[in-house]
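Enquirer: So the chains spell out like this:
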Amino acid sequence: MTEKRGDAVDVRLSINDKTYRLSLDPRASLLDALRDHVGLTGTKKGCDHGQCGACTVHLDGQRVLACLIFAAMAQGHAVTTIEGLAGRDGALHPMQRAFIDHDAFQCGYCTPGQIMSAVACVREGHAGTEADIREYMSGNLCRCAAYPNIVAAVAQAKREMEGA
Amino acid sequence: MQPFTYQRATNADDAVRAAHARPAASQFIAGGTNLADYMKLGVLRPEQLVDINALADTGHGRIEVTEQGLRLGALVRMAEAQAHPAIRRDYPVISQALMLGASPQIRNMASLGGNILQRTRCEYFRETSWPCNKRAPGSGCAALEGLNREHAVLGTSEACIATYHGDFAQALIALDASVETVGPRGKRTLRFAELHRLPGTTPHVETVLEAGELITFITVPAGPHTRRSHYLKIRDRDSYQFALAAAAVALHMAGDVVQDARIALGGVATAPWRAHEAEAVLRGKPLDEAAAQQAAAVAFADAKGRAHNSFKLALGPQTVVRALMEAKTMQVST
Numbered sequence: 064m065t066e067k068r069g070d071a072v073d074v075r076l077s078i079n080d081k082t083y084r085l086s087l088d089p090r091a092s093l094l095d096a097l098r099d100h101v102g103l104t105g106t107k108k109g110c111d112h113g114q115c116g117a118c119t120v121h122l123d124g125q126r127v128l129a130c131l132i133f134a135a136m137a138q139g140h141a142v143t144t145i146e147g148l149a150g151r152d153g154a155l156h157p158m159q160r161a162f163i164d165h166d167a168f169q170c171g172y173c174t175p176g177q178i179m180s181a182v183a184c185v186r187e188g189h190a191g192t193e194a195d196i197r198e199y200m201s202g203n204l205c206r207c208a209a210y211p212n213i214v215a216a217v218a219q220a221k222r223e224m225e226g227a
Numbered sequence: 076m077q078p079f080t081y082q083r084a085t086n087a088d089d090a091v092r093a094a095h096a097r098p099a100a101s102q103f104i105a106g107g108t109n110l111a112d113y114m115k116l117g118v119l120r121p122e123q124l125v126d127i128n129a130l131a132d133t134g135h136g137r138i139e140v141t142e143q144g145l146r147l148g149a150l151v152r153m154a155e156a157q158a159h160p161a162i163r164r165d166y167p168v169i170s171q172a173l174m175l176g177a178s179p180q181i182r183n184m185a186s187l188g189g190n191i192l193q194r195t196r197c198e199y200f201r202e203t204s205w206p207c208n209k210r211a212p213g214s215g216c217a218a219l220e221g222l223n224r225e226h227a228v229l230g231t232s233e234a235c236i237a238t239y240h241g242d243f244a245q246a247l248i249a250l251d252a253s254v255e256t257v258g259p260r261g262k263r264t265l266r267f268a269e270l271h272r273l274p275g276t277t278p279h280v281e282t283v284l285e286a287g288e289l290i291t292f293i294t295v296p297a298g299p300h301t302r303r304s305h306y307l308k309i310r311d312r313d314s315y316q317f318a319l320a321a322a323a324v325a326l327h328m329a330g331d332v333v334q335d336a337r338i339a340l341g342g343v344a345t346a347p348w349r350a351h352e353a354e355a356v357l358r359g360k361p362l363d364e365a366a367a368q369q370a371a372a373v374a375f376a377d378a379k380g381r382a383h384n385s386f387k388l389a390l391g392p393q394t395v396v397r398a399l400m401e402a403k404t405m406q407v408s409t
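The listed protein sequences correspond, in order, to chains A and B. My numbering puts the first sequence at residues 64 to 227. My numbering puts the second sequence at residues 76 to 409.
Simulated from the structure, these hints should not be mistaken for lab results. Misleading hints may appear alongside valid ones.
Pairs of lysine-lysine residues, derived as DSSO-like cross-links and limited to a Cα-Cα distance of at most 30 Å, are as follows [to be verified]: (1) B:K115 - A:K108; (2) B:K115 - A:K81; (3) A:K81 - A:K108; (4) B:K360 - B:K403; (5) B:K379 - B:K360.
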């Protein structure tokens with residue numbers, strides 16, 4: 064390779080089943096690419112250091128932190144953000160519905176990350192008990208402390224996602 | 076963040092070749108959970124990133140379990156190793172240490188090879204306006220007279236008291252693991268216990284790895300002690316927090332009598348820490364609380380507290396005692 068420092072990199076990202084061709088500074092995180100280059104601002108920048116979970120997205124179906132992934136590293140993987148969660152008809156995902164039903168937020172800033180993390184938590188089979196939900200949602204901080212409502216929302220959505 | 080070039084390696088030799096062009100200025104990147112954070116802070120300033128994630132497809136993403144032990148590809152993610160049925164059953168200390176580290180998102184991202192090379196969370200290392208011998212050799216140590224509640228009490232020097240925070244490494248050193256590497260001078264195998272260096276007068280040199288040398292596999296030998304193994308982590312909050320004190324223990328028992336004991340200490344030392352003298356206290360004796368306390372006291376005999384971390388001189392030994400007693404009463408299938 065003959066790249067020099069400061070050169071842009073061409074990155075092809077698959078986000079919510081659409082392909083985006085971007086020319087990015089190699090320093091751009093996946094979070095910055097989503098928000099500043101693609102215009103998907105649902106994914107939030109909280110701490111930007113992997114401590115709060117507000118930037119949680121799915122990479123090939125697994126929950127990850129978009130702030131700690133350089134955008135170039137996401138090429139070849141399927142990214143799903145909060146904008147890609149609802150059905151094509153706009154119907155809310157059961158987890159989104161459950162967060163509304165249980166008033167599982169106050170300011171709402173952590174909510175997209177909470178919801179993306181919660182969907183993965185259920186799919187992983189880690190939402191069987193309230194203790195499990197608390198443990199496996201510990202990577203998502205809520206400074207408004209809506210935690211009891213979040214746990215209740217995840218438990219409700221789990222039942223619906225699993226068709227119970 | 077300092078500008079860098081980015082390139083993807085397709086296999087281990089390719090990665091080593093790419094890094095070899097500018098070894099001191101290059102960093103391998105896998106999960107990036109530690110590296111990207113420290114690059115944003117300006118603590119780590121590589122000029123070239125070599126993305127090694129594709130190595131997962133060349134055998135370095137596999138977990139092999141044989142009668143001889145485990146062979147873990149360096150690109151295996153924490154979450155995958157933690158959930159592996161044979162590791163949970165036969166090497167619970169590894170599964171537990173991984174489970175108690177970081178958050179679910181980070182465990183999905185972080186590679187095992189990267190995990191063991193994670194840098195300290197010392198706040199004076201993280202914030203570039205402070206003196207720090209680890210980050211800026213010769214600048215001094217702000218932690219010695221600073222807020223050092225989370226700092227180490229074992230393996231410290233007058234140059235550095237930063238804690239090695241990893242959990243997985245304590246399981247590995249307790250189980251006599253090894254690491255396989257490939258570098259500019261070819262392949263080699265190192266005992267895990269030889270990988271990390273104590274700070275001494277050169278705390279910026281944290282491992283014996285050469286520039287451009289890449290960890291490719293981690294191997295853990297089987298033995299009669301691995302099933303009765305346990306990781307206990309004590310921390311300020313119950314999840315997603317680094318240890319104030321932790322103990323990785325493994326026991327081979329004949330009835331109540333200890334045939335073999337392994338003890339490693341987390342959250343209290345400057346590097347992965349094996350307590351060999353404490354193990355010797357237990358060997359050949361019945362394991363009860365008094366014996367565990369005696370061993371724990373030996374493990375911390377050389378510990379040195381500072382203004383804010385002297386509580387670890389009590390918490391550390393208590394953690395060892397509890398870990399040993401919990402391991403003793405584990406239900407272990409044979």
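Enquirer: A separate judgement is required for each hint: does it hold in the structure or not?
Expert: Structure-based check of all given hints:
1. B:K115 - A:K108: 14 Å, holds
2. B:K115 - A:K81: 29 Å, holds
3. A:K81 - A:K108: 22 Å, holds
4. B:K360 - B:K403: At roughly 13 Å apart (the allowed maximum being 30 Å), K403 of chain B and K360 of chain B satisfy the hint.
5. B:K379 - B:K360: 29 Å, holds
In terms of the numbered hints stated before, the structure departs from none.
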